[in-house]
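Spelled out from the first residue to the last, the chains are:
There are 4 protein chains.
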Amino acid sequence: MIYFHSDYSQGAHPKVLDAIVKTNDEFTDGYGKDEYCERAKALIKELIKSEDSDVHFMIGGTPCNITVIAASLRPYESVIAARSGHIYVHETGAIEATGHRIVTVDGINGKLTPDLIDKAWEEYSDEHTVKPRMVYISEPTEIGTLYSRAEMTAISEKCKELGLLLYVDGARLGAALTSKESDLSIAELSRLCDAFYIGGTKNGALLGEALVINNKAMNENFRFMIKRQGGLLAKGRLIGVQFEALFKGGENGLYYEIASHENAMAEKLRNGLKNLGVKFYGDSPTNQIFPILPAKAVRELQKDFFFYEWAKEENGMIPVRLVTSWGSKESEVDAFLKRVKELI
Amino acid sequence: MIYFHSDYSQGAHPKVLDAIVKTNDEFTDGYGKDEYCERAKALIKELIKSEDSDVHFMIGGTPCNITVIAASLRPYESVIAARSGHIYVHETGAIEATGHRIVTVDGINGKLTPDLIDKAWEEYSDEHTVKPRMVYISEPTEIGTLYSRAEMTAISEKCKELGLLLYVDGARLGAALTSKESDLSIAELSRLCDAFYIGGTKNGALLGEALVINNKAMNENFRFMIKRQGGLLAKGRLIGVQFEALFKGGENGLYYEIASHENAMAEKLRNGLKNLGVKFYGDSPTNQIFPILPAKAVRELQKDFFFYEWAKEENGMIPVRLVTSWGSKESEVDAFLKRVKELI
Amino acid sequence: MIYFHSDYSQGAHPKVLDAIVKTNDEFTDGYGKDEYCERAKALIKELIKSEDSDVHFMIGGTPCNITVIAASLRPYESVIAARSGHIYVHETGAIEATGHRIVTVDGINGKLTPDLIDKAWEEYSDEHTVKPRMVYISEPTEIGTLYSRAEMTAISEKCKELGLLLYVDGARLGAALTSKESDLSIAELSRLCDAFYIGGTKNGALLGEALVINNKAMNENFRFMIKRQGGLLAKGRLIGVQFEALFKGGENGLYYEIASHENAMAEKLRNGLKNLGVKFYGDSPTNQIFPILPAKAVRELQKDFFFYEWAKEENGMIPVRLVTSWGSKESEVDAFLKRVKELI
Amino acid sequence: MIYFHSDYSQGAHPKVLDAIVKTNDEFTDGYGKDEYCERAKALIKELIKSEDSDVHFMIGGTPCNITVIAASLRPYESVIAARSGHIYVHETGAIEATGHRIVTVDGINGKLTPDLIDKAWEEYSDEHTVKPRMVYISEPTEIGTLYSRAEMTAISEKCKELGLLLYVDGARLGAALTSKESDLSIAELSRLCDAFYIGGTKNGALLGEALVINNKAMNENFRFMIKRQGGLLAKGRLIGVQFEALFKGGENGLYYEIASHENAMAEKLRNGLKNLGVKFYGDSPTNQIFPILPAKAVRELQKDFFFYEWAKEENGMIPVRLVTSWGSKESEVDAFLKRVKELI
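Residue numbers (our numbering), protein chains in the order written: chain A, 2 to 345; chain B, 2 to 345; chain C, 2 to 345; chain D, 2 to 345.
Be a bit skeptical, because a hint or two may be false.
Pairs count within a copy or across copies, as identical chains cannot be separated in the list.
Unchecked claim - Under the rule of at most 25 Å between Cα atoms (straight-line distance), these lysine to any residue pairs were calculated in the SDA-like manner:
| id | residue 1 | residue 2 |
| --- | --- | --- |
| 1 | K120 | Y309 |
| 2 | K16 | D30 |
| 3 | K304 | Y32 |
| 4 | K120 | G283 |
| 5 | K120 | H87 |
| 6 | K280 | E343 |
| 7 | K34 | F306 |
| 8 | K132 | M219 |
| 9 | K181 | Y125 |
| 10 | K120 | E143 |
| 11 | K339 | N215 |
| 12 | K297 | R40 |
| 13 | K249 | N25 |
| 14 | K16 | E52 |
| 15 | K23 | E333 |
| 16 | K330 | L163 |
| 17 | K120 | S85 |
| 18 | K339 | G164 |
| 19 | K159 | I293 |
| 20 | K120 | E152 |
| 21 | K181 | R150 |
| 22 | K16 | L302 |
| 23 | K313 | L117 |
| 24 | K313 | D107 |
| 25 | K120 | R84 |
| 26 | K132 | T114 |
None of these hints come from the bench; they were simulated from the model.
Isolated chain A (complex conformation):
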């Protein structure tokens, strides 16, 4: 069975695993107060060129989202998101569990725009309504699309205009940063938002994300919030060790290398399928692609390949999701393309 199911189907990238193994027997302080976490934080702050930012190592994406939102909003405040946003679609009401509404609008290619933010803002009027306080976007989006520098800047400015915080979910941030279509560096992204997280789980780590908080007020007593939301890891250095391994080379380091590999494999798949005349459901320049295949071909492919059906069959066609990972091999891509060619 060949997996294009997700970028979290295997363990850690070998070099990340190696760092875990090498440091395993060392004694350190717990709960992320160790030198590995400190060094990894320093590397990230250097990369984003922001000494004043704070970095917290988190156990997953949903914990990042819950904790940032619950820490930043007063009880009656809400967060604006695309209806396709991960916090709305795939977190089982974890945001509402902290007492806050997600105000949704239908995104365009999975993205928000200043106009859409205005539209959400219009639902707010006075003390009878929730008060929007934050905008949540994902880079890349849940369907693999990207915000350009101009688009992100426009959103950032709209947020400032309306007094909204901007928070970016970077579960697959590496795939965005290394996409050929991206013109946004991590330092630029960081400058444009109040907080964002750098996803580790889907970029070669065993688990863990690096949450960057640029806004001092949001960071106040943030470790209390992490603990309160159940996200403080006893052996916290486990995440620090991994992020040190991922970021010690900066933009030439392992994090970028893994993401570039994921994108390259996805591009090969995309181009190969396009050459076979396959149409796509949305147009993603990152490591998730959404080809639309004949239902019959999908059934056959599923005998050898593990992937996700993205939407329901319509007129005999099914949009599927293919995701590449640190462990995806060129030969696996070739095998998939060969089989598709046979089937359509």
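Fit chains B, C and D to the supplied structure of chain A, relying on the hints for placement.
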């Protein structure tokens, strides 16, 4: 520096780490729906002799506690605990964050008794008061003491009498099960309670706990609850792999071996200190001990040893906490005893 | 100044006030455990022909909604509503404050349909998503429209099919029940839903609503929920006294009389405006109407009449809301129509 | 039957009711944005000599407590209270429902002291514990005792020292202010705390309390909080009208008159019982008293008098609670004393 600071200062036990490394490159389904988790669940169900129980692999102890309590209580219901209970003392209000009160009573040696449960129960009268619905205890307790089979049985019966669920926090359950003073097997413990968790983090795992739910009603849609509370790990097999390694030998397996080692090292420390005339703050038969040492000696010891001051200095004496771990060595214990001998 | 601003601009209907005054000096038990509440409950149960239902007197509509929803849903469950639903639009996130998502769809004339419920249901798939458990509708809707018996029956059946509870917000239920266009009696409505409330505040009471719960499971320990959500009134008989006065004549009693008057006054306004060629924003057969008037006329009218601008000016026209109340007089309606005639 | 059961067994004081009746037919804006509320606020601000304070009219005591606490604390912060405090004992977990812990200590005569606050403070250490942020006390306490000016000042200073907000629950504030043993004026009380509420329900109002917020930060967007917590009354002027009637004479007005009457009746009861040799459970100088009577006498008295058994029978004696109200008559007190004399 020699560490008696905690049982989570190092990484994983080498055999656990080995299992992670060996399986690292395999592809599996995510979110704990993989064969490693399935096998580890089967091993645990065999050990507790309860095929009907459900097992969930959780990322930490606080997530276990939050999720079980929030899943089991109706909004106006409360959980009874000793004032020294971990959920009350060291979880930053994570239980209250789910909307529930912890009704506390002063425990005896860190333990609840049927009488103390009655005392807490008396605060309840009608719709103007919270309604107790669960009893939370820790085995071993937060100060290392143990419930005997008779004590646990009495609590279990009191809970049934009052219509209360019984939930046992087993963050250090291994140390209880392998203590010379314990007369309670894991299968017996399991039979006496509605749910409990088997701590991995403090017993040789990198991270992770196995939550066992014996009460079917509590388990309904439990995975929704895990996700909602932010505790569903994408690479969930990471915990399954570790628990398979820990439990594949049952009561002769690695989990028990690690715990026995921790207890043996603590016993050697305890006996050595007793022989030096040292008094103890409480009397723990597990891997945490609380000797009371002269403040001056404590200051000197801290130059070579890392440990926790448990309470404030009083009359020139300080109670400290020494915790042994899978990596604690006999030579380290000897070094500590030698140094104490020189200092007092 | 003449008020068409709302149906809560004056105090109580004189007969309701009279009941309060007459009983003022009597001593009763508190918190709604008095004979007035008991008698009012009996009257309502007779009216809905359901001896087994439970009735709770609540201090307001939002407390009804919060308490019913929080009492009925497990933590990961959600409630489906029209985007125009009061719980979504005008309760400042009070539902989310209890930890639950409102899943919204764009209603048709302010109403849900079985198809729209299906659409909302489709967002649910597995433990990564919230699980819909309740449908919330308002009768009449927030824009004054009505569900017919056939429409309400279809929704009720759809709910049963999907395992959803049906809850009806009856803030202005009187106006629905006495509308010429309604074919739904209160007993029929009650049979079709799990719970609903009969609005008092907007139908002649000083304050208070009667919450009817037909589903026994939803009612379990409901008084604990009322208290927990801050809605238990010490002098609870205040609401019982009023509802006894409102309902002692059943369908010939004061509640229906007040509502009929409100509807009659609104109908006179509606017909008068239609005769003047005025167009309407939606077509409401109850006591709220939404004529679209020239902005200039609106500014002039506001010198003598107090009413609400419903939406923004567009092409020189403004939709306004006119609401009639127990105290609205025919002469006031005439004065309004006369002034409009002069202005357009 | 003669009632000494509570101070909320009857409706409103006749003069309060009269104000409601006289203003009933007037049209006003809703939700507390009317001139009656404005005038009542002005009267209260004059009385407390603090033009900068904010006043909100609330529907009950629990809504005051919930809303102030939820508005003032960040998610991980807690409120310190006596174990006998109303928020802990009689609000069904309404505070925890907003996500916050109540840290309790055993009070002395129902009161906190600076030392007890220190004791509660000691449970706080770092991000693993909740962080106390507010002290909650009641004046008079739940057992009718009073804080002297010196005691209240000491608590206020302790709060400032530790960075804690001070909030005073004044459900029966009138009884404190008019007690012969009180040396604290409302203006002095107000100066010493960040917020407090002036209870109306138990001092002659039909319902309603006046919440005074002296701390500007706590007041930010407070009306959003009231609405979110379900406490915004549509016909809000109902409370404004009552508080205008209660406070228009300042310290010579109706509020003080009612409270003085309640205290005088309680004093007569207390002295009469003392003369009969009756002992008391605590020593309250306000309108609640707690005589300890023979169980047999209690059973006989209950045939003619309605009152509350405060604690369980012990050695044949039962502590009961007698509460006087605006409607308590001297003849009723005499009848009670006469009957006790016959029975003991």
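Hint by hint, here is what the structure shows:
1. Taking the shortest Cα distances, K120 and Y309 sit within 25 Å of each other only across copies (22 Å), while inside one copy they are farther apart (33 Å).
2. Taking the closest pair of Cα atoms, K16 and D30 come within 25 Å of each other both inside a single copy (24 Å) and across two copies (22 Å).
3. Taking the shortest alpha-carbon separations for K304 and Y32, only the inter-copy value of 22 Å comes in at or below 25 Å, while the best intra-copy value is 44 Å.
4. With identical chains, the CA atoms of K120 and G283 are at most 25 Å apart both within one copy (23 Å) and between copies (22 Å).
5. In this homomeric assembly, K120 and H87 come within 25 Å of each other (Cα to Cα) both inside a single copy, at 20 Å, and across copies, at 19 Å.
6. Proximity of K280 and E343 under a CA criterion of 25 Å is satisfied intra-copy only: 17 Å inside one chain copy versus 63 Å between copies.
7. Taking the shortest alpha-carbon separations for K34 and F306, only the inter-copy value of 18 Å comes in at or below 25 Å, while the best intra-copy value is 42 Å.
8. For the homomeric pair K132 and M219, the shortest alpha-carbon distances inside one copy (17 Å) and between copies (17 Å) are both at most 25 Å.
9. Taking CA atoms no more than 25 Å apart as the test, K181 paired with Y125 passes in neither setting, with 39 Å inside one copy and 35 Å between copies.
10. In this assembly of identical chains, the alpha carbons of K120 and E143 lie at most 25 Å apart whether taken from the same copy (21 Å) or from different copies (21 Å).
11. In the homo-oligomer, the alpha carbons of K339 and N215 never lie at most 25 Å apart, since the shortest distance is 47 Å inside one protomer and 49 Å across protomers.
12. For a Cα distance limit of 25 Å, the shortest separation of K297 from R40 qualifies neither inside one copy, at 52 Å, nor across copies, at 34 Å.
13. Both within a single protomer and between protomers do K249 and N25 lie at most 25 Å apart by alpha-carbon distance, with minima of 19 Å and 22 Å respectively.
14. When the C-alpha separation of K16 and E52 is checked against a cutoff of 25 Å, the pair qualifies neither within a copy, at 27 Å, nor between copies, at 40 Å.
15. For the identical chains of this complex, K23 and E333 are inter-copy neighbours only, at 22 Å across copies versus 31 Å inside a copy, given an alpha-carbon limit of 25 Å.
16. Proximity of K330 and L163 under a CA criterion of 25 Å is satisfied in neither setting, with 46 Å inside one chain copy and 44 Å between copies.
17. In this assembly of identical chains, K120 and S85 lie within 25 Å of each other by CA distance both inside one copy and across copies; the values are 16 Å within and 15 Å between.
18. Taking the closest pair of Cα atoms, K339 and G164 never come within 25 Å of each other, the shortest separation being 52 Å inside a single copy and 46 Å across copies.
19. Neither within a single protomer nor between protomers do K159 and I293 lie at most 25 Å apart by alpha-carbon distance, with minima of 35 Å and 32 Å respectively.
20. Taking the shortest alpha-carbon separations for K120 and E152, only the intra-copy value of 17 Å comes in at or below 25 Å, while the best inter-copy value is 31 Å.
21. Taking the closest pair of Cα atoms, K181 and R150 come within 25 Å of each other only inside a single copy of the chain (13 Å); across copies the shortest separation is 58 Å, beyond that limit.
22. For the identical chains of this complex, K16 and L302 are neighbours neither inside a copy (32 Å) nor across copies (38 Å), given an alpha-carbon limit of 25 Å.
23. In this assembly of identical chains, K313 and L117 lie within 25 Å of each other by CA distance solely across copies; the values are 18 Å between and 27 Å within a copy.
24. Proximity of K313 to D107 under the C-alpha cut-off of 25 Å is found in both arrangements, the shortest distances being 20 Å within a copy and 22 Å between copies.
25. Within a single copy, K120 and R84 get their C-alpha atoms as close as 13 Å, and across copies as close as 14 Å, so both meet the 25 Å cut-off.
26. For a Cα distance limit of 25 Å, the shortest separation of K132 from T114 inside one copy, 19 Å, qualifies, whereas the shortest one across copies, 29 Å, does not.
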